[in-house]
Amino acid sequence: MTDRSKRKRTGLLLTSSALVLAGCTGRQSALDPAGQEAAEVYHLFAVMVIGGGIIWLAVIGLLLHACRGQRRAWSENEASRLIAWGGVAFPVVVLFALLVYAVWLMPTIRPWVARAVPEPTLIEVTGEQFWWRVRYPAEDGMAGFETANELRLPIGERVAFSLSAADVIHSFWIPSLGGKMDMIPGRTNVLSLQATKTGVYHAPCAEFCGTSHAYMTFSVVVMGQDAYDDWRRKQASGNQPGGSEGERLFAYHGCAGCHSVRGTTPIAGLGPDLTYFADRETVGAGALRNTRENVERFIRDPSSVKPGSQMPAFDMVPHGDIAAIAEFLTGLR
Amino acid sequence: MTEVAIRELSPEDFEAQERELREVWRTPSGWRYWTSVNNTQIGLWYGAAAFTFMLFAGLLALLVRVQLAVPENDFLSADVFNQAFTLHGTVMMFLFAVPIFEAVAIYLLPSMLGARELPFPRLSAFGFWSFAIGGVFVCGSIFFGAAPNTGWFMYPPLATDKEYSGIGADIWLLGLSFIEVASIAAAVELIVGIMKCRAPGMRINMMPLFAWYLLIVAGMILFAFPPLIAGDILFEMERMFDWPFFDAERGGDPLLWQHLFWIFGHPEVYIIFLPAIAIMAMIVPTFAQRPIVGYSWIVLAAVGTGFLSFGLWVHHMFTTGLPQISLAFFSAASEAVAIPTGVQIFVFIATLLAGRVIFSVPMLFGAGGLAIFVIGGLTGVMVALVPFDWQAHDTYFVVAHLHYVLIGGMLFPVVAGIYYYYPLIDARRLSDRLGKIAFWLMFTGFNVAFFPMHLSGLRGMPRRVFTYPAEIGWDWFNLVSTVGAFIFAAGVAVVVIDVVRPKHRQPKQEMNPWNAGTLEWISEPEEAWGVRSIPIIKSRYPIWDQPGLLEDIKAGRYYLPDAQDGARETLVTSVLDARPVQCLRVGGTSILTMVAACSLGGVFVALTFHWWIATLVCALLTLAAIITWLWTGTAEIPRSDMRDIGLGKTLPLYNSGPQSVGWWGMFITMAGDSTAYASLMFGYFFYWTIHDDFTAGHSGPGIAWPLLAVVLFVLAWLVMLLARRANAADHPGPMRAALMVSAFLTVGGCMAGLAGPHLNPMDPTTHVYPAIVWVVAIWTVVHGAVAIIMQLYCLARSVAGRMSARHDMDLQNVVLYWHFFVITAITSFGVLGLFPAVR
Amino acid sequence: MRLLPKEVESLWTLFTAPTIWAAHFLACYAAVAIYCEKAGAEDFTFAELRLALVLITILALAGIVLSAWLAWRQWGFGSGDPPHHAPTREDRLLFQGFATLLLSGLSFVAVLFVAVPLVVIEACQP
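Which chain is which? The protein sequence lines are A, B and C, in order.
Number 166 in the numbering used here belongs to position 166 of the first sequence; there are no gaps in the numbering.
To convert a position in the second sequence, counted from 1, into the numbering used here, add 1000.
To convert a position in the third sequence, counted from 1, into the numbering used here, add 2000.
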């Protein structure tokens, strides 16, 4: 019966390593790296999984052998030697090697920002309950701008982030690109990442931050340098006013008191910036997919889709007005 | 046997001895049953309560799993989900994992060491009642929707946000502080018990490994829990009075809490793990039918783990943005701690290899637990490496890792222990068939539930999310996990059924069904006296190596075969060689422990709801109960000085100073108290480190008042030394005068200490600097107030004729308290007065 | 009484080497934490601080070796093999010597582990 367990465990291990080797497709997966740090860590992980698997099999094999009734009993000397070699010498050497590897890796994947990014242009990301405020600095003659719940990064370039929190502790994590860094009130942490594959990735908040911790995600679009520059230029100049009914109602019902749509409304900083809102994947930092119906649903009663959301319900606003505002927002591209 | 000729007793005398003993150790009946302080009752209640809390927390986990079974589920609301996972973690850690070890230790240790009782049985009872009250209070909160909901780690500023956390955070802080007090009480009890109450001849090279482990674990509790208590104090001051310890806007820092919490939190893991491995260290030799191979290696591993575990705490903070080099130090220590852990596993394997293994249910759980634990250990080595942890931290990978460690390293061995030790409770074995069913359900269910979490975690699933979107690709992993969780729960249910099913029809069996070699198997379930007579030990496995031991013990041929003066007695022996030095009279059945625990519970409950008057009343009641307890139950002057303990040996009944267990109890308690104090001072210097200008322009307490306080406290301490000298010279008059003078000086010191921050006006709500100054001053002054109570107590004892030149235990202990206190006072007011000003 | 008695009648010697490890660990952690928080306020460089800590490491290792040597001597220089389970004072002393020796070994390795970052990491970077 113990043999059966062994077989089952081996099976599990094989399945899991198969999954690992096959490269799981996932836009939010550390097993499918698209950045320098994530790739290095994945490599470290693969080394450890293989080594760990062999060690586990050896130890458990020995244990099962020891539990067998019919075999020669070892002498006390032999048994003591097993402790000294298997329990001490081997682990000391392996752990030391692993430690040196990992400690050496630390400055390699997270180089000192002051040195690695000349004149660092930090993208400021602030965690707020439960969304992400993003500020791109002015650079290369382009003006700086604010956006929310979405990051765009150029491929192949090391980008540095300045991370802070407005209310409670959050944690900034783009699994496909690299590890996480906490955002702590009163402190500013710096993290740099280097994307190596274009694509759209998902990033959750990794530190429990309250009721809607689950609905605090953002997306990361890694793009070619030219596309990235175009996007920055477009963002910096803002939306063009269209004079639609929705645009008017957006201001009339007070939405613009908290949310900016650059180019059409005065700047307001309380809630997420909504410039080029239609380009984003989700409503409410991951609460719903970005469709017109969902935008309407969110405006009517945010707390019912995203519990603990700071935004008040607007269910007293006429249905048609909400529809027009949603129309306006989903047209911002 | 011994060199002394044994006088065989006549059957009548033997009967009379047994009657006497039985009467002295009788378990009270009726409702008074609950006033019992006997270690077997306390141990069982403790264990049953801890297990009940475990089942409750397990149900919460099932709720959590149901919610996560499918994406976008609305089985639980976000708020209930947050309460459920917070309470699951809290209850499992504080109300099951730590207390179950206290339960097992209190139940097993006396008989394992060949003692009748632990040295402070009433303290054990007090600890149990505190634990039970605090536990019910914390668990009950969820039925009122008021459970803590910020995660078991309670990170501010989320947990200091009153709007979000409501009263739940207060329940967590106060309820658990109360339970921490119980744990520290147990630690004091166990350390003194293991060091001083072993059977004669049980030198430290012959102690059962279980005792070695528990000695280390109790020591760890002493240094791990106080930092959390200090943290709790700061936290509660912020929540109740708005002192900004963790508020960044007023100079506080949320990271200080993380440091204090994890300085407690990581050793805690080993505090949980080591006792379970200790059970394994008892089971393995029995089923290998040979002594353990590598006894010294186990001692190495236990002591080494105990130390190294205090250098790991920052590995819970690898993503907080501390300098990489700091992280790497902790990573190194976290790798190093794997070495002693590996040693233990290899000691077990080596022992099995060197023996002939009898496979049975306890071994099944032991081996299965090991197989699971090794995976947890290997993933532990992985997450201890900083780069990998940057990815894995706060994901389901860590959830998988910690459950592999705790369930493999703790729950499985504990269940093995239940199957192994059940005959000690009931003289019957549990069912082999049910045991095997339970094992396979638990083993399969566990792996099905937790193995996929490694993958879902690395595929980006963060911890503590109440739901997740469908398209992200975690749905299958989660569904499988939920199914596994229910299979696992079914296995646990089988164990519960096996334990509680009526067994009247089953015949009682022999006393030692597994043919074990250690002393706990001599105890008789029907008798409350522990051991019939206290044997002389000559082997690590006395039952195997000392022929006729059982018969001689039962025939009363060893020490203390009788009872005198209606007192419960046990032997005190020397630390290294276990030479008998004293016959100790321990406290018997009393309701005082329950009264003290209930009123102290009242203090904490009333504080939670800000009922200040009730708090005060309960506090006074607690004080009264404790003083009555001390007055009537401790340091009693015996009728005769010496006691014939049999085998031609006569021992004193009263010892004081370092010879007495009370002195050791005080010493150990104060070591824990000093650790809490050191944690507060750590906070003081932590704030200094993180700020360019620590005081932020606020006025300090000045130099004069704090230094005056130092002078007065030092004088008071010197006068206490005079009091002790006067007492030793049998001059009660000068001794009483000195006590009074010292008390006045202490009052003066306290007032001077508070005058600094009060007169300079320092408003603790404005900035963290005045707040931390006030906390340090108050901590010291409260200890001064306790010192005054002690001085008055000694005065009263002397006047009442309960203290004399020879019987001076009270005074000796109070002077010991003063040694610790004067160091505290000098440090506190020295630092407050000089540190920020003179720099 | 000699300065370093051959047989120590105390449980505490067992803890010498781990205590040295703890002191060394604490020294490294505190020095670096304070230096990096107060960066710029001191008039010495990070490299100099690391060098000082390496020297402390060598001192700690020397202390542990000394404790190991004393333990080895108490253990009779390995003349008697474990298990040291006889009910005699001699065996108790041998046990203490052997256990202390093992703990010195573990502490030595642990100090070496903790010293790795001193060599590899060159800046206060987060």
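Think of the hints as simulated: they come from the structure by calculation, not from any bench.
One or more of the hints may lead you astray.
[Stated by the list, open to error] Below, simulated SDA-like cross-link-like pairs (lysine to any residue); rule was C-alpha separation at most 25 angstroms, straight line:
#1 2038(C) - 162(A)
#2 234(A) - 315(A)
#3 1436(B) - 234(A)
#4 1538(B) - 2082(C)
Hint by hint, here is what the structure shows:
Restraint check: the Cα-Cα separation between residue 2038(C) and residue 162(A) comes to about 20 angstroms, which is no more than 25 angstroms; the hinted pair holds. For the suggested pair residue 234(A) and residue 315(A), the alpha carbons sit about 34 angstroms apart, so the restraint of at most 25 angstroms is broken. A distance of roughly 68 angstroms separates the Cα atoms of residue 1436(B) and residue 234(A); the hinted pair therefore is violated under the 25 angstroms criterion. About 17 angstroms separates the Cα atoms of residue 1538(B) and residue 2082(C), which keeps this hinted pair within 25 angstroms; it holds.
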